[in-house]
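These protein sequence lines map, in sequence, to chains X and A. Okay, so the first sequence: first residue is 1 according to my numbering, each after it adds one. Okay, so the second sequence: first residue is 1 according to my numbering, each after it adds one.
The set of hints was computed from the structure by calculation and includes no laboratory data. Think of the CB as a built atom: it goes at the ideal place given N, C-alpha and C, for glycine as much as any other residue. Check the hints yourself; a few may be wrong.
[Claimed, not checked] Output of the computed footprint for chain X on chain A, the stretches with three or more beta carbons under 8 Å from beta carbons of chain X: (1) 106 to 112; (2) 125 to 137; (3) 149 to 158; (4) 201 to 211; (5) 266 to 275.
[Claimed, not checked] On the chain A side, residues computed to face chain X include the following (Cβ under 8 Å): (6) 24; (7) 87; (8) 115; (9) 119; (10) 120; (11) 253; (12) 255; (13) 287; (14) 288; (15) 314.
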Amino acid sequence: MKRRTFLRAGAAGVAGAMAGAGGLLAWSPRAHAATVTRTLYITEGFTTQPDGVDVYARSFADADNRLQVPGAPFIVQEGDTVSVTIVNTLGTTHSFVIPGMVDSGPIAGGETRTVSFTADRVGSHLYHDGENAPYNRLVGLHGGFAVMPSGSGDELYAGSPTFRKQYTWVMTEIDPAWHERVRNGRTPNTAYTPRYFTINGRSMRVPGHPDYGNPDIDAGYAPDTRLSGAIGDRSLVRILNAGMAMHSVHFHANHVEWLARNGQPRADVWRKDTLMLPNDMGSLDVIYPFEPPPDAWPPVTTGYYPMHLHDEMTQTAGGGFYQFGLATTIAFK
Amino acid sequence: MFQYLEKYRKEGRKGSGGSSGACYVYPDAPATPGIVTPDVTFERSVYMNGSVTMDDGNSVRVWGFTEGGMMAGQFPSPAMRVTEGQIVHTVFSNNGMMWLHTIHHHGIEPSTENDGVGHYSFDVDGTYTYQWKAAHAGTYFYHCHTNTVLHAEMGMYGALIIDPPEGPGTLYAGGPSYDVEAVWACDEFDSSWHSLDWDAGTCGADVGLNDLNPDYFLITGVDGAQSALTDPRVAVSMNRGQRLLVRYINAGYLPQRITFGGLSAEVHGSDGRPFPRPVAVTSLTTHSAERYDCIFAPSRAGTYEVTVEYLDWVDGSVLGVARTRIEVA
Ligand SMILES: [Cu+2]
Ligand SMILES: [Cu+2]
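So that you can see chain A by itself, here it is in the shape it has in the complex (with noise of 0.2 Å):
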């Protein structure tokens, strides 16, 4: 092994230093150490011209990943779900395009050649299957890690859930159950940054990817001004009896508050590893990629706002706020 990553330390892409072209990138494309045939497949490749419209009508543009072959681009990149204990591949092809990047399955832990960080392996150029085994139920997030400051501010996630043996509706092995399930996936956009080259920065240039000053406020990659309110994607509607799981996940790079419009949520876990003992809250406070799981019993009717308040690093004032609601009838 020690051998292989001193291959890639000698064969950085250092470019010139100067202000055009991909510097301090890795790109290879091996075979898969120790290969097996898996339990579960997923297939991505990239769109890198992609767009939201957002709700005062204009248009910011979004990379992203896609499933197999096809062409159009969702925004986030599609769902990985498999179960605990299952051997998944990752086959992520990236096949003469003019950019690199990589998949990280943020939260997953395997080996070096696996865990999709440019400098410690390589950056895929070609198809490359990243393999790993599900070991922990619980929420995660899968991104790029090239030019990773830019790329997932330009919208390269995805969420990724491992179910516990039980399926689909158990948040962990002998964990709490739920009927309703959310995935929230926080973001703010800075439209500066949008218009950027993949490789942007990477060999010096000042391209003020040190300071991120955010206009747009999403969940789950709809606006929060006014459409998360209603989109189905991420409002929810619910009865009565019924328990909601509401997967959070801080997919930005800002603090964040959110705030559960006057519900209590039971906290049983985060980061994909259950609580000694649930705690109950009516709001968090998180930074970028944390993930947190949300279990609402509600036992009154009614329209409950939720707001995720988009907090300055430093001061902690509210740069934004995005809105969604969980309908109870």
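In isolation and in its complexed conformation, chain X is listed as follows (with noise of 0.2 Å):
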């Protein structure tokens, strides 16, 4: 059975895509643009969703033998040379596409190809494949693509507010049987049905789940997503949406700062507790700036919350389990 030799995205998997970058994205800027070189293995496999299902899955992952949705994120600086090397393992045809930046074309089955671009557009992008669209960048062929300013450590944009951390959050809707057809090389025909919800490739955990509190598949405890912070730990989250429906981003215990939609800098930064994430590869950059929770009596410097979404079918998995849906956990320390 050809599903015994695919690949199954488990805790060595993404403690691997965790290595080096200490969970969250690590960051020094550099005065001189460099040349960044990576290699991405377009893969196949399943994933297991919080009731069980297995739904199948491609991705850009960092080893022939790893399923990696979304592919591991990417972090360079304003006038980089990015090299990617892009070995497709499978039998159907891709590509590496970064809006406005570099698009390789088709690259057939088996094939292998780099790709150089400059890193030009400073702020937060998704790199995805963009042949059988929206398919395959529904299916798990996508990843977070970040641009620092110059020389810049602590900004989203050149005299952008300042952060001290920094996270990507790639969120997405599963379809599976949409999956199911993309896997047979067939085109979805019914009416788009997401049953599952994710960032960064996971969904949530709850108290008395035996899932409940594992890095690998809780994205409450997740450390590329679970923002943890004492007082003053300002951190920027690029929220990336590789999805097809718009969404409700809510912020608990804080207003974040919201500076960019669509990469576009907003002309005044708003405090907001909700915010509309724009579908298809729309973005929204925000900094959640662990002030104390302004409204506690007595105050409080400590605690734990969610970041969830408010268009609360994403709460779910397979049409019921509320909690298991896309959401993290904001901790206080």
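Got two chains here, separate frames each, mind docking them using the hints?
This is how it looks when you write it as structure tokens:
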């Protein structure tokens, strides 16, 4: 059975993706542009959803024996030369695209191609597969690509409000019927009805569930999603929507500073607790300020809170299982 | 505090994982940490037998919060209104009931225990006093945060307004004034969800809560097909020279586009925070749980028909429309 040869997203793969990044994205500015070289392997496999259902997926992985949805995040500096080698281990045609920066063109099954480009657009982007659009992107061929302003380690764009830490959250929905059609080389032919909702490839678990607290599975504990900080640990969150639905992103305990939408800096920085995330590769950039929760009495500086989508259909898995959807934890330490 | 939370981590009621009974709920009603004498108190309990009559004659079941022990339920739930700086108690009684609920004051940012999110603290089984301080004037709402996807859809929400020290008539401290005020909480119903039990889906049964197909479109509990055009809870009558504040709340789960019938709104803030500079708009596109504070100063008499279009979350097509009016004499 072919499926047994497929890869499975699991502890090893996810832990490997974390190595060197320390969970959240670490970055040190450089005085000069550099050449950044990476290899991405186009792979396929299955991911296990909170209700136990295995769903077919494809990914841009760091190794050919791994399924990694989303692909490992990039963080580069404005002006860097980025050289990405794409190894297509599948039999189907794929591509590597960052709108406005690079388009590899079709890469046939079994083919390897290297693309080089200059990272000249500061901000938060999605890389993705532009072939068979939008289906290849939806089944997992996407990842975050951040371009830091030249010589800066604490700004979204030159002159923006500053931060101490940064995260990339890639959000998406999963309609398993669509994934199954893509697996079989067919075009989805049913109305898009997503049943699972993920942030950096994972959904939430809650106390009482066996996977609760497992950072490889539980989006509330995965170090690349969980916002963890002490008072003053201002955290930039690059929110990228690889899916097809518009979402409402709701933060508890602090209002965020809203810096950009779809890569465009906002004329004024508004403080919001709930923001609309545009669909189809839309984005938001916000700073979670880690200020003492302003309405606490007596005052507090520690606590645990959710970030969740407020279009609450996204808080389910498989049509029920409230709390097992697209959410993570904000930990005030 | 850590120990305190660990307690709930261990005691989450897991259930059988089958298709009946409640799973992943955290019943408790502890003492409020650091409780003090409040400046203002709201009492809330629950009704689960309400109904709303739609313009087509159909009746749709709703749940909500009542004020104190009153059994008759209004929809939306009764508003809370406080003044900036006040310490507030929301005393939530859910005693001896077959169901669990919480109160989350959306946009209010209190301690974990008082945030009303079941899986980070507890679902109220008994009486719990939520204690919080109203730090920032503006427009908020409160809603249940247990099996939220269902409970908020069923109508378990009400407006929450914080006035600045100047009191009603001023939006925020040193901010713009208004003479007439309206709260438009715009929501859509998928009536097929409204026969589900309070714990539907929590053990993993597929009860369709991923798929919202709305068939009714409401403004502040009134059917927007016809009734909201004239219902005094929604429609506005004002005179030239007066200033109208509309506190607009997206109380549904879908994007909405609200268009002000040719009037221009000065939007002064959102989510309980003033903007650095107000913005002038003739329509707003919003998503679930956003709030916008819109001031109108119409100079010409007339009838302005406001439309709220409820949009498909994928393709943005209009799934339904609710209408009301601003009548300027
Ligand atoms: Cu409830
Ligand atoms: Cu809310």
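Is the listed coverage of the segment 149 to 158 of chain A by chain X valid when you require three or more residues with a beta carbon under 8 Å from a beta carbon of that chain? holds (count 4)
Interface hint outcome for residue 314 of chain A [beta carbon to chain X under 8 Å]: holds, 5 Å
Chain X over the segment 106 to 112 of chain A, status - at least 3 residues with CB closer than 8 Å: holds (count 7)
Quick check on residue 119 of chain A please, does its C-beta sit within 8 Å of some C-beta on chain X? Result: holds, 4 Å to nearest chain X Cβ.
Tell me if chain X covers the segment 266 to 275 of chain A under the three-residue, 8 Å CB rule, please? Coverage by chain X holds here, the residue count being 5 at a Cβ distance below 8 Å.
Per-residue hint verdict: residue 255 of chain A, partner chain X, C-beta under 8 Å: Hint on residue 255 of chain A: holds, closest Cβ of chain X at ~5 Å, below 8 Å.
Please verify the coverage claim for the segment 125 to 137 of chain A: does it have three or more residues whose C-beta sits within 8 Å of some C-beta in chain X? Since three or more residues must qualify, the claim that chain X covers the segment 125 to 137 of chain A holds, with 6 doing so at under 8 Å.
With 8 Å as the cut and Cβ atoms as the points, is residue 287 of chain A at the interface with chain X? At 4 Å from the nearest chain X Cβ, residue 287 of chain A passes the 8 Å test, so the hint holds.
Would you check whether residue 87 of chain A satisfies its interface hint, that is, whether its CB is within less than 8 Å of any CB in chain X? holds, 5 Å
Answer holds if the nearest beta-carbon of chain X is closer than 8 Å to that of residue 24 of chain A; otherwise answer violated. With a minimum Cβ separation of about 5 Å from chain X (threshold 8 Å), the hint on residue 24 of chain A holds.
Minimum Cβ distance from residue 253 of chain A to chain X below 8 Å? Nearest chain X Cβ about 5 Å off; hint holds.
May I ask you to test the interface hint for residue 288 of chain A with respect to chain X, counting a Cβ-Cβ separation under 8 Å as satisfied? holds, 4 Å
Hint check: no violations occur; every hint is consistent with the structure.
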